[in-house]
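**Q** One letter stands for each residue in the lines below.
2 protein chains.
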Amino acid sequence: MENFDFHVTTDIRFGKDRLAELPEVLNQYGKKVLIVYGGGSIKKIGLYDKVMEQLKTNGNEVFELAGVEPNPRVETVRRGAEICRKENVDVILAVGGGSTIDCAKVVAAATKFEGDAWDLVLQRRKYQGGALPLVTILTLAATGSEMNSGAVISNLATHQKLGTGSKSMLPKVSFLDPQNTFSVNKYQTAAGSADIMSHLIENYFKRTEGTDVQDSVSEGLMRSVIKNCPIALKYPDDYDARANLMWASTLALNGLTGSGKPGAWSCHPMEHELSAFYDITHGVGLAILTPRWMEYALNDETVDKFASFAWNVWNVEEKVPMLAARIGIQKLYDYFKTCGIPMTLPEVGINEEKFDEMAKQAIDHSTIKTDAFVPLDEAAVKEIFTACLTESSFE
Amino acid sequence: MENFDFHVTTDIRFGKDRLAELPEVLNQYGKKVLIVYGGGSIKKIGLYDKVMEQLKTNGNEVFELAGVEPNPRVETVRRGAEICRKENVDVILAVGGGSTIDCAKVVAAATKFEGDAWDLVLQRRKYQGGALPLVTILTLAATGSEMNSGAVISNLATHQKLGTGSKSMLPKVSFLDPQNTFSVNKYQTAAGSADIMSHLIENYFKRTEGTDVQDSVSEGLMRSVIKNCPIALKYPDDYDARANLMWASTLALNGLTGSGKPGAWSCHPMEHELSAFYDITHGVGLAILTPRWMEYALNDETVDKFASFAWNVWNVEEKVPMLAARIGIQKLYDYFKTCGIPMTLPEVGINEEKFDEMAKQAIDHSTIKTDAFVPLDEAAVKEIFTACLTESSFE
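Protein chains in written order, with our numbering: chain A, 897 to 1291; chain B, 897 to 1291.
Note that these hints are calculated values from the structure, not bench results. Do not take every clue at face value.
Note: identical chains are not told apart, hence a pair may lie in one copy or across any two.
[Said to hold, decoys possible] Distance condition first, Cα-Cα at most 27 Å in a straight line; then the derived DSS-like pairs of lysine-lysine: (1) Lys927 / Lys1227; (2) Lys1250 / Lys927; (3) Lys1123 / Lys1201; (4) Lys1130 / Lys1201; (5) Lys1082 / Lys1250; (6) Lys912 / Lys1022; (7) Lys912 / Lys1201; (8) Lys946 / Lys1201; (9) Lys940 / Lys1130; (10) Lys1201 / Lys1250; (11) Lys928 / Lys940; (12) Lys982 / Lys1227; (13) Lys1068 / Lys1022; (14) Lys1022 / Lys1063; (15) Lys1278 / Lys1256; (16) Lys1130 / Lys1063; (17) Lys1227 / Lys1215; (18) Lys1250 / Lys1123; (19) Lys1278 / Lys946; (20) Lys1068 / Lys1256; (21) Lys1250 / Lys952; (22) Lys1123 / Lys1215; (23) Lys1227 / Lys1130.
Please read these numbers as outputs of a predicted model, since none were measured by experiment.
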């Protein structure tokens, strides 16, 4: 296990009907609030009205940044920061999923940043400056953004989708009411769960030895997702299924499973290129890539980790490590399929045309060539992309 | 899953050789430091000198509260609070295991409390007042006190050992260097691991349904302890084994496995009476009680949870739930025995003489009669105590 810091100060308010606590939370920071949200689903489910009622009664002055995209764009960040500066906003309230929260984080920082918002994103994890305080109300179990300091922003003009973040972007308070995810449709529920699984898998498959705590926590969270996603797909209003997915999404990426295990993630850098070039749903891209990446990464040196994944996550009974490993990969693939996720790139409108360009950028924008579980060069990325063109079988 | 808050702001500095960070941490609060420690083992391992060197170079004015007992006593708390008030101490530095940290927490609060320290303890979890800032350097993987707001204090005069706590008692920063546990002897290593296991088991066996995330995280942490404690017993300097035990101890009781699962713990209230009357090692008392409590609590209504414990924690292959449950309990019992823990009360100097009195107090000092996984009355507690008089077999 490597040295690490764990300091995650977000105040989580988990559970049913806790919006009455919102005014007291916001009043710590001031009365001028920028509410950030996406395409309007929060209006459909009545959440927007409930929030606005609390803000009105509380005497807040409210500004709005609406229409945050599923892969939030730097133009939207710029627009939000402009409002915050012009109106002297005191606190940002993000109401939505990971995209909305990510956008709000970078708005919060860009407001304090002298320079263009994209230059802030280009600092990646090195931004040390301040940010406006951020409060979130989560409506989708997926990215874990509600309890971490990272954000991903897209620049369609340059075909770039880049991770950024700073201590100052960590949400102060996050409201996690599973009821707010009852209306999430099957596709987004499955894609969100695939995103959670991917975060756990990315942290699980690292080179650091002796991390039983992190890995067994990851295994447990994976088992929770595997059990509860199908329940939520069948019974969208099942509170406990939604609650388990929501809390798993938060814990999957709040540092718990990655601390003490340095090294690059493998599938996210590849997926970021798919959605930077084709604007596909992030979780779907990850679901398509992950089993093919696993097949690429499985070899005599890595087999033990893949066998553990098969035994401890999927209860595979096969005792021969290499055979067990392959069964585990197959189970993951089949699971995603059963959840209704399209499992080939052509199904989401992607063909081989830009594989070279995307593979090059995946290497340029990350450290997977040196720091990944199994180092990946351009040829490897292209090989993995190519394997995603057709249905696969791993056993 | 029930509603819960999760807000654990302790800044964890995990890993090797990080004491150079100590001055900067302490300087946030001031120069006058009360260093709190136990029986001198920190001097034997050279940690005391290393800490003092940092404090000296940093120009700290240092006061000492030495000799904190394994079950810290209210008299020691009073002594510490008196020093803090008289010397206007700015920050408390606890160097030791859970007892030392618990004592330091209540010293920190008692300094700000108008009244006797025992009256503060008697407020249990209701104390809302302030406390001096607390920084900890952990030397024993066991109680989890390094990242939570609770403390247990004993009053030998009244035969009381009571839990207390408040938000203000949460450590600000905790240094977790596994190397500081290399010298922990076999007995204390095993007892500490039993304490970790007990925290996980207490949170696991609750009545709340639909808590897969919490439970699967608990299962993972239990598996980590079960794997790593025997390694640490055989190779006391195995860094990864010590690191996994240390991080498991912290996560076992920082809210992660208990949030959303209200209800009383079962074995701790019983054990607190054993150590209040006989001053035995807490973890050993828990190890003795837990399998017997399990046998008492196992019935047709609770069998599913015990079977899950057997399957997911101990990899029991038996498919019949009641049989699997019994095998799981046996495995826990055998595991503690293998770790060298004395598994009967007579071995730690306790006979049936005070069973009635202790059973009565266990009920009086807790809510196990109404809120435990299986409600326990005085007769039940006495039955469990009695089962601890001789070796047991559960299958």
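**Q** Taking the hints in turn, state whether each one holds.
**A** Now for the hints, and whether the structure bears them out:
| no. | hint | in the structure |
| --- | --- | --- |
| 1 | Lys927 / Lys1227 | neither (51 Å within a copy, 58 Å between copies) |
| 2 | Lys1250 / Lys927 | neither (48 Å within a copy, 61 Å between copies) |
| 3 | Lys1123 / Lys1201 | both (22 Å within a copy, 16 Å between copies) |
| 4 | Lys1130 / Lys1201 | between (32 Å within a copy, 25 Å between copies) |
| 5 | Lys1082 / Lys1250 | neither (29 Å within a copy, 60 Å between copies) |
| 6 | Lys912 / Lys1022 | between (37 Å within a copy, 24 Å between copies) |
| 7 | Lys912 / Lys1201 | between (38 Å within a copy, 25 Å between copies) |
| 8 | Lys946 / Lys1201 | neither (47 Å within a copy, 39 Å between copies) |
| 9 | Lys940 / Lys1130 | within (21 Å within a copy, 61 Å between copies) |
| 10 | Lys1201 / Lys1250 | neither (32 Å within a copy, 52 Å between copies) |
| 11 | Lys928 / Lys940 | within (25 Å within a copy, 57 Å between copies) |
| 12 | Lys982 / Lys1227 | neither (52 Å within a copy, 65 Å between copies) |
| 13 | Lys1068 / Lys1022 | both (20 Å within a copy, 25 Å between copies) |
| 14 | Lys1022 / Lys1063 | within (10 Å within a copy, 32 Å between copies) |
| 15 | Lys1278 / Lys1256 | within (9 Å within a copy, 70 Å between copies) |
| 16 | Lys1130 / Lys1063 | neither (38 Å within a copy, 41 Å between copies) |
| 17 | Lys1227 / Lys1215 | both (16 Å within a copy, 22 Å between copies) |
| 18 | Lys1250 / Lys1123 | neither (36 Å within a copy, 47 Å between copies) |
| 19 | Lys1278 / Lys946 | neither (48 Å within a copy, 53 Å between copies) |
| 20 | Lys1068 / Lys1256 | neither (37 Å within a copy, 45 Å between copies) |
| 21 | Lys1250 / Lys952 | neither (50 Å within a copy, 62 Å between copies) |
| 22 | Lys1123 / Lys1215 | both (23 Å within a copy, 19 Å between copies) |
| 23 | Lys1227 / Lys1130 | within (20 Å within a copy, 37 Å between copies) |
In this structure, the earlier hints numbered 1, 2, 5, 8, 10, 12, 16, 18, 19, 20, 21 are contradicted, and the remaining ones agree with it.
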